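Student: Here is what each chain is made of, one letter per residue.
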Amino acid sequence: MAALLLIEDDPLVRRGMQLALRRHGHDVRTADTGEAGLREFATTPPDLVVLDLMLPGIDGFEVCRRIRAAGEVPVIMLTARGDDFDVVGGLAAGADDYVVKPVQPTVLDARIRAVLRRSNGPHDGVRAHRDLHIDTVALTVSLRGAPVSLTPTEFRLLLTLSRAPGRVFGRQQLLEEVWEHHYLGDSRLVDNCVQRLRAKIEISPARPEYVQTVRGFGYRFGPV
Amino acid sequence: MSWRPWPRGLRARLLIAFVTVTVLGAAAAAWASAGAASNALVVSTEDRITENIAGQIAAIAPTLTFPPDQADLDRLRLAVGADTMVRHEDLASMAGSGPDLITGELRNAVRTGNRIVTQRVDADDRPWLLVGMPVMTTSPDGTRTASGIEVYTARDLSDVEQEIHALAGSAAGTAAVVLLPATLLALLAARSVLRPVRTLRDTARRLASGDLDARSAPRGTDELAELTATVNEMAEAVQTSMARMQRMQDDARRFAADVSHELRTPLSTLTAVVEVLATTADGMEDDARESAQLAITETHRLVRLVEDLMAVSRFDAGTAVLHPEEVDLAVVVRDCLRARDWLDRIDVQIPTGIRLRLDRRRLDVIVANLAGNALRHGADPVRLRAWAGADQVWIEVVDSGAGLPEQVLPQVFDRFYKADAARTRTPGSGLGLAIALENARLHGGDLTAGNADGGGARFLLRLPRLEEEL
Numbered sequence: 014m015a016a017l018l019l020i021e022d023d024p025l026v027r028r029g030m031q032l033a034l035r036r037h038g039h040d041v042r043t044a045d046t047g048e049a050g051l052r053e054f055a056t057t058p059p060d061l062v063v064l065d066l067m068l069p070g071i072d073g074f075e076v077c078r079r080i081r082a083a084g085e086v087p088v089i090m091l092t093a094r095g096d097d098f099d100v101v102g103g104l105a106a107g108a109d110d111y112v113v114k115p116v117q118p119t120v121l122d123a124r125i126r127a128v129l130r131r132s133n134g135p136h137d138g139v140r141a142h143r144d145l146h147i148d149t150v151a152l153t154v155s156l157r158g159a160p161v162s163l164t165p166t167e168f169r170l171l172l173t174l175s176r177a178p179g180r181v182f183g184r185q186q187l188l189e190e191v192w193e194h195h196y197l198g199d200s201r202l203v204d205n206c207v208q209r210l211r212a213k214i215e216i217s218p219a220r221p222e223y224v225q226t227v228r229g230f231g232y233r234f235g236p237v
Numbered sequence: 003m004s005w006r007p008w009p010r011g012l013r014a015r016l017l018i019a020f021v022t023v024t025v026l027g028a029a030a031a032a033w034a035s036a037g038a039a040s041n042a043l044v045v046s047t048e049d050r051i052t053e054n055i056a057g058q059i060a061a062i063a064p065t066l067t068f069p070p071d072q073a074d075l076d077r078l079r080l081a082v083g084a085d086t087m088v089r090h091e092d093l094a095s096m097a098g099s100g101p102d103l104i105t106g107e108l109r110n111a112v113r114t115g116n117r118i119v120t121q122r123v124d125a126d127d128r129p130w131l132l133v134g135m136p137v138m139t140t141s142p143d144g145t146r147t148a149s150g151i152e153v154y155t156a157r158d159l160s161d162v163e164q165e166i167h168a169l170a171g172s173a174a175g176t177a178a179v180v181l182l183p184a185t186l187l188a189l190l191a192a193r194s195v196l197r198p199v200r201t202l203r204d205t206a207r208r209l210a211s212g213d214l215d216a217r218s219a220p221r222g223t224d225e226l227a228e229l230t231a232t233v234n235e236m237a238e239a240v241q242t243s244m245a246r247m248q249r250m251q252d253d254a255r256r257f258a259a260d261v262s263h264e265l266r267t268p269l270s271t272l273t274a275v276v277e278v279l280a281t282t283a284d285g286m287e288d289d290a291r292e293s294a295q296l297a298i299t300e301t302h303r304l305v306r307l308v309e310d311l312m313a314v315s316r317f318d319a320g321t322a323v324l325h326p327e328e329v330d331l332a333v334v335v336r337d338c339l340r341a342r343d344w345l346d347r348i349d350v351q352i353p354t355g356i357r358l359r360l361d362r363r364r365l366d367v368i369v370a371n372l373a374g375n376a377l378r379h380g381a382d383p384v385r386l387r388a389w390a391g392a393d394q395v396w397i398e399v400v401d402s403g404a405g406l407p408e409q410v411l412p413q414v415f416d417r418f419y420k421a422d423a424a425r426t427r428t429p430g431s432g433l434g435l436a437i438a439l440e441n442a443r444l445h446g447g448d449l450t451a452g453n454a455d456g457g458g459a460r461f462l463l464r465l466p467r468l469e470e471e472l
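As you go down the protein sequences, you meet chains X and P in turn. Residues in the first sequence are numbered from 14 upward in steps of one, following the numbering used here. Residues in the second sequence are numbered from 3 upward in steps of one, following the numbering used here.
These are calculated hints, taken from the structure and not from any lab test. Accuracy of the hints is not assured; some may be wrong.
[As the list claims (entries may be wrong)] Per label pair, the in silico range of CB-to-CB distance:
#1 Arg126/X <-> Gln413/P: 39 to 49 Å
#2 Arg52/X <-> Thr281/P: 24 to 34 Å
#3 Asp448/P <-> Gln186/X: 27 to 37 Å
[Stated by the list, open to error] Per the computed footprint, the stretches of chain P lying under chain X, defined by three or more beta-carbons under 8 Å from a beta-carbon of chain X, are:
#4 262–271
#5 274–282
#6 432–445
Predicted model, so just to flag it, every value in this text is computed and none were measured. Glycine is no exception: its CB is placed at the ideal position from the N, C-alpha and C atoms.
Excised from the complex, chain X in its bound form (with noise of 0.2 Å):
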């Protein structure tokens, strides 16, 4: 169903991702260094990484911040220790989502197609706020006039915040709608999202216009 590029290690690990993954119709191909793994990007880029964390040469978190430099395609991490420093660093180096090794290839699918699923929100075609386009058919965003180039997560994000301008949005909703993860999330994704989304769509991210913090409760989008 999708070109996955899966980025590990451990020979046997690998294989059997591989083989578990293509049996939910993905097309695998792997890589066993974060070296390796950034050729086989470049040469034919994938619609999703699968990378684990822990790797020889250079780690998972300096390839991951080399893919989100080159372009907008989604990564999963695979975190051995499932450790706060882990996800932590993982989530600031770009990754849309985390699974915690072993992961049971059904729940590793199940997120992946979460991941990639573009919208959710109806085609309304293009929704304007102020200085902030949203086309939601083109799946396009431009802030004046300027395009935005922003991952399938943080996109998802945008158009379910943007869908009911004003309401409060909790993170477990998020991450139920945007993630797709049953109610036990892990909220420092939305957090983390809603960070890179400002630093994309904010004039001052400090003091967002669009994306507002609730306290205590989640986000909303403005009202603007």
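Got chain X; can you put chain P on it based on the hints?
Tutor: The following block gives chain P in isolation, referenced to the frame of chain X:
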């Protein structure tokens, strides 16, 4: 407070003993010297008076006629001074109060001894010195014979007495003056003895409160220094063995963490491939399908066990972090039960609108564990109740089974403890309650196990309502 004949404090005892000895010594010395001085004063005063009288008598004696008449005796009395009596056989001349004081004893001594006799008496509250003296005549050949004239006189010794009192007073004063320096010296002495004792006590206290680096420097070579050195050796020994135990414990914990971490890699492969096996199992022959099913089940169990081990390792290492967020208690608990399909098997009574800050995922772990245990080991119906106070909330899970045996209660939170040996093959890892308790404690709350009044195990979770982050 009970009466004590002797203060118990070492300091007070030292102080009192030292001051008593010093002041007593000073007082005795002062008293002895005052006594000696007053004696000397009395003797010299007596000598002076006697000499004086003898001189006056000697000056007038040659002018007397023998036998003397009344006029002679009167002259002699006047020459000697006031309070005097002069006698010769039946004749007597007397004036003042002196003559009343003269006793027969004194007169006998003078008359028979033919010598000067003195006596001290008290009269009218005053001290007197009585002097009796025979008047001697010297013949031309130089021999002295008693003339038969006796002179008695009394002298007031009040002045001398006053001087003696003054001496005694100054002796008492000296003793009093010594009191202050003696007390100061005693304080100093007590301090020099007590300082090492106090240092040692402080060191012992620090050791007792867990500061195993506490030592006191031994000073000198006395018994206290020996005691200090012994205490230091003891602390050293305790510290060494504590450090060894700590190291062993750390090693064991690190080993558990490392092992569970290392297990994750092969488990990642297994988890991935058993799913492939599962999707193809339908086409297998029976034995192969059953084997595949066993492999799948056991892999999932192993994954669960490793995850629990890692959770425990994080608690042990102190790296478990709380991510509190504001939640509705009823929503979190119901979500937890709904996700596990337990909602219709458990009677849930939670008032709506209990909002508090907590780590949702950790509460989920606790509730899932308590509810799961009640459903697995207890009997239906299982009840879950929650209620809130001003700064705490409680969640109670009670089942209707036989309850927990008394001897099991203290151990239910122990790792890998299983109440029923026959049920070792339950799906749990044996770490569930230990992890639930650690999660409660991480919130600053606790988890207790007991039995409900009507039988059945009862677990009570208490969580504080965390302060809003600033």
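Student: Next, verify each hint and record whether it holds.
Tutor: Hints and how they fare:
1. Arg126/X <-> Gln413/P: 39 to 49 Å: Holds, since Arg126/X and Gln413/P (Cβ atoms, about 46 Å apart) stay within the stated range.
2. Arg52/X <-> Thr281/P: 24 to 34 Å: holds, 33 Å
3. Asp448/P <-> Gln186/X: 27 to 37 Å: holds, 32 Å
4. 262–271: Since 7 is at least three, the answer is holds.
5. 274–282: Since 5 is at least three, the answer is holds.
6. 432–445: violated (count 0)
Violated hint: 6 only; the structure is consistent with all others.
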